[in-house]
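*Asks:* Residue numbers (our numbering), protein chains in the order written: chain A, 4 to 380; chain B, 4 to 380.
No lab work stands behind these hints, which were simulated from the structure alone. Hints may be right or wrong, so weigh each one.
Identical chains share a label here; the pair holds if one copy fits it or two copies do between them.
[As the list claims (entries may be wrong)] Pairs of lysine-lysine, DSS-like flavour, derived with a Cα cap of 27 Å:
| no. | residue 1 | residue 2 |
| --- | --- | --- |
| 1 | K286 | K85 |
| 2 | K309 | K54 |
| 3 | K46 | K309 |
| 4 | K309 | K365 |
| 5 | K160 | K289 |
| 6 | K25 | K85 |
| 7 | K289 | K85 |
| 8 | K85 | K309 |
| 9 | K46 | K286 |
| 10 | K186 | K25 |
| 11 | K25 | K54 |
Protein chains: 2
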Amino acid sequence: MEDIFTIHHRDTKSYARCGELKTAHGTFPTPMFMPVGTRAAVKALDPDDLKALGAKIVLSNTYHLMCRPGEDLISQMGGLHKFMGWDGPILTDSGGFQVFSLKNLRRIEEDSVIFQSPYDGSKYTFTPLRALKVQEKLGSDIMMCLDEPLGYPAGEKESQAAMDRTLRWAEMTIKHWDQKGDKLLFGISQGGFYPQLREKSAQDIASLGFAGNAAGGLALGEPQDLRISAIQASLASFPLEKPRYLMGLGTPLDLLDGIRLGADLFDCVLPTRNGRNGQFFTKHGKINIANSRYRSDPLPIDENCKCRCCQNFSRSYLRHLYSNREPLFPRLASIHNLYFYLELMEGARLALREGNYMCYHKEFYNAYQNGPQDEAF
Amino acid sequence: MEDIFTIHHRDTKSYARCGELKTAHGTFPTPMFMPVGTRAAVKALDPDDLKALGAKIVLSNTYHLMCRPGEDLISQMGGLHKFMGWDGPILTDSGGFQVFSLKNLRRIEEDSVIFQSPYDGSKYTFTPLRALKVQEKLGSDIMMCLDEPLGYPAGEKESQAAMDRTLRWAEMTIKHWDQKGDKLLFGISQGGFYPQLREKSAQDIASLGFAGNAAGGLALGEPQDLRISAIQASLASFPLEKPRYLMGLGTPLDLLDGIRLGADLFDCVLPTRNGRNGQFFTKHGKINIANSRYRSDPLPIDENCKCRCCQNFSRSYLRHLYSNREPLFPRLASIHNLYFYLELMEGARLALREGNYMCYHKEFYNAYQNGPQDEAF
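So that you can see chain A by itself, here it is in the shape it has in the complex:
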């Protein structure tokens, strides 16, 4: 396999770097944020919207698509790209997080998870090889190994067991992986919130020779300091020359810290989900549009933002739409928030090219933390 990942610049004051990643459906710059299209659709946005926002890759979910509408149907319809009308790169998460979130509906065995579909109660047996097979049928460009993430808190023994199982599953997956064309397979490391386990898991996963390496099991309720040390321990143990994916994170500040610690790829539901719940992200903090102080506010969410929402609509109008549950609201909120996240990444790449990433990081932190911090409902 030719080199799929090129690093153009490395920061001298942190582990941050910028580069580009080549996939079967196109090359995109890193660091990059991936909008989440869980069920083969980013909520309230179509592929033309995503392109207009500057999205270069979207994430979808193996587990959800396997349950509904099923990988065979998507394959029969020409694969996930054609099905959802998106011709750019697609990364599919394996579904480990979703399956392990089912709690009462699943049973973990050594090499499989048996679970009941929350959609219709059907029983599924999910194995590392099934997760791979489903992703191959979907035709995703970047496939993820099945892993076992644990939320916070989890004991050391439990974290060790989940990490060992995740490693064994990764070994099984790469052994059965039949590399075709430019399709990529990434491994996922775990290790809970124990830096030594994080390091060990990352080293073990990296040693298997995946095209890229991910750190999973984060942003699951842990305090900020534990998160940072877990990220640090994971990413520092991955090889420099391969892409690093920090799964499921996070707030704008989480993303900037992730980049500082050497991450290249991110995904998170915050911009779309919190958007639907009335929360807008800006360089000057967070705005909850339900707040009555925005009732007659003629300003856009952010006067300097170039997104279609800010170019056309006032806070007053957005509050009206939100208060009356107008279906247009989730669309406009998602447009602003995704634009903001994608622009945050673009700013980071530019700062990396210009060699001043930590200034960008610091300036963003200061402005963001000094602004309003309205929470989402």
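Given the coordinates of chain A, work out where chain B should sit on it, guided by the hints.
*Replies:* Using the frame of chain A, we list chain B on its own:
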């Protein structure tokens, strides 16, 4: 006031005509369909979407905007056009239909309706002059008089009383109407399902000299034949040279019949509301996407349709979105259905220019009625 309405062609085999209507926010061709943006937003679509679909005028609702967010707030924000980001013509319905639908929440007095807001229980007194005042504050281009529509069935005496009250209210409204710039005021005729009352009401309303005349109180549960004769009796009694607005209708066939009987303007929630409920309109009938026969159907809703939904997505994908209540679904369904309605009007205008409207009418009827007639849920 200069001539705002120009008729370019009149059909020789029916009462149909095509022309153009000039408003303070632009001139548009007729016959025309107006997408419904009840609360200052067409459900799930933004103004750029509407422009891309070819919409030339949108309808909004006085009653709803008066309750939420209030006409004073909208006026303070620069008027309805600026508030909702739509710089084309806006027609506002008076809200008579909505107020009279409240049943248990309202009390009709001679010159007013007292009602409780279904939003928050606040008490409002709605009068013909209040309806006018609110619309002036909103800045709508075409304002409608307050009327009293009755649903089907309604007795002759009751219909006569409502029609008399509607006439008195129309007289009060036009008397207090302070014509400014190119703003237009339309009268609304009633008369239930009694052709003689319909004729009388239409003549009386027309005699007051409004810029345009509307027939209201239709598509409220009446059988097709009663509807047709009520439309006929109303429209035929309006002067030829003024625009005629057939309120709240309807199915594609209703629209073509309305044009045949001389209507120039239409509005209806069917394309957006039924779209949200899974129903797509096509030249070959109606499709309910929930039907299992579309599960693995790779075709678009209509192979010959040029809308963004049909150009990009299969029935299979749309069914998947609908079944999983993805917020993208209402958007795509509304895009297709509104495109279809607007194209239906464009086809009618073309046929009128070419002098073969009744052929267009007949061909459309045949193809539409011979296709599937899946109902919406």
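*Asks:* Now tell me, hint by hint, if it's right for this structure.
*Replies:* A quick look at each hint next to the structure:
Within a single copy, K286 and K85 get their C-alpha atoms only as close as 36 Å, which misses the 27 Å cut-off; across copies the closest is 26 Å, which meets it. When the C-alpha separation of K309 and K54 is checked against a cutoff of 27 Å, the pair qualifies both within a copy, at 15 Å, and between copies, at 20 Å. Taking CA atoms no more than 27 Å apart as the test, K46 paired with K309 passes in both settings, with 21 Å inside one copy and 24 Å between copies. In the homo-oligomer, the alpha carbons of K309 and K365 lie at most 27 Å apart inside one protomer (23 Å), although the nearest pairing across protomers, at 49 Å, exceeds that limit.
Taking the shortest alpha-carbon separations for K160 and K289, neither the intra-copy value of 38 Å nor the inter-copy value of 59 Å comes in at or below 27 Å. When the C-alpha separation of K25 and K85 is checked against a cutoff of 27 Å, the pair qualifies only within one copy, where the shortest distance is 20 Å, while the shortest distance between copies is 44 Å. Taking the shortest alpha-carbon separations for K289 and K85, only the inter-copy value of 25 Å comes in at or below 27 Å, while the best intra-copy value is 36 Å. Taking the shortest alpha-carbon separations for K85 and K309, only the inter-copy value of 18 Å comes in at or below 27 Å, while the best intra-copy value is 30 Å.
Within a single copy, K46 and K286 get their C-alpha atoms as close as 23 Å, which meets the 27 Å cut-off; across copies the closest is 30 Å, which misses it. In this assembly of identical chains, K186 and K25 lie within 27 Å of each other by CA distance solely inside one copy; the values are 10 Å within and 58 Å between copies. Taking CA atoms no more than 27 Å apart as the test, K25 paired with K54 passes inside one copy only; the shortest distance there is 18 Å, against 37 Å between copies.
Hint compliance for this structure: hint 5 alone is broken.
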